[in-house]
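Visitor: Sequence:
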Amino acid sequence: MSAESTPRREVVTGEPRRVRPLPRYRTQSEIDEQTALGGAYVRSLMRSQLRAGLTAFGALAAVVATLPLAFEALHSDAVVWAVLGFAAYPPLTLLAWWYVRRAERNESDFARLVEGRPAP
Numbered sequence: 001m002s003a004e005s006t007p008r009r010e011v012v013t014g015e016p017r018r019v020r021p022l023p024r025y026r027t028q029s030e031i032d033e034q035t036a037l038g039g040a041y042v043r044s045l046m047r048s049q050l051r052a053g054l055t056a057f058g059a060l061a062a063v064v065a066t067l068p069l070a071f072e073a074l075h076s077d078a079v080v081w082a083v084l085g086f087a088a089y090p091p092l093t094l095l096a097w098w099y100v101r102r103a104e105r106n107e108s109d110f111a112r113l114v115e116g117r118p119a120p
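1 is the number of the first residue of the sequence shown in this note's numbering; add one for each residue after it.
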């Protein structure tokens, strides 16, 4: 092989060309500027929060609505007071815990969407 048949290597010493990155928080600016897309994002958050609240309220209403029937079937004042004084609190605490957890998850999902982070 001769020296002329090998390709000649050239070294480029100029500045590398970069593609201009897209704005990182486009979603956040959509919300701040109150565009239609930003409004859709906020409505989605509000809808998910409303769904969590209505679910918790429905569960609470179902429990409260059945208590008078259970008290009428028991015919015992001591049991009624025991249920109202002690047995009602664990389900209410669990319901409140579930609601707070769900609301925080909705908000973290929304924040992840706004910041452009991938889903875990």
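Misleading hints may appear alongside valid ones.
To be verified - Taking CB as the label site, the calculated pair distances span:
id : residue 1 : residue 2 : range
1  : ALA119    : ASP77     : 18 to 24 Å
2  : LEU113    : GLY53     : 16 to 22 Å
3  : ARG112    : TYR89     : 32 to 38 Å
Treat the hints as calculated values from the structure; they're not laboratory data.
Computed from a predicted model, the values in this text were never measured in an experiment.
For glycine and all other residues, C-beta sits at the position ideal for the given N, C-alpha and C.
Visitor: Each hint: holds or not?
Guide: Consistency of the hints with the structure:
Checking the proposed 18 to 24 Å range against ALA119 and ASP77 shows it is violated: the Cβ atoms sit about 53 Å from each other. Range check, LEU113 to GLY53: Cβ separation about 20 Å, and the 16 to 22 Å hint holds. A hinted range of 32 to 38 Å holds for the C-beta pair ARG112 and TYR89, which are about 34 Å apart.
Comparing the model with each earlier hint shows a violation of hint 1 alone; every other hint is respected.
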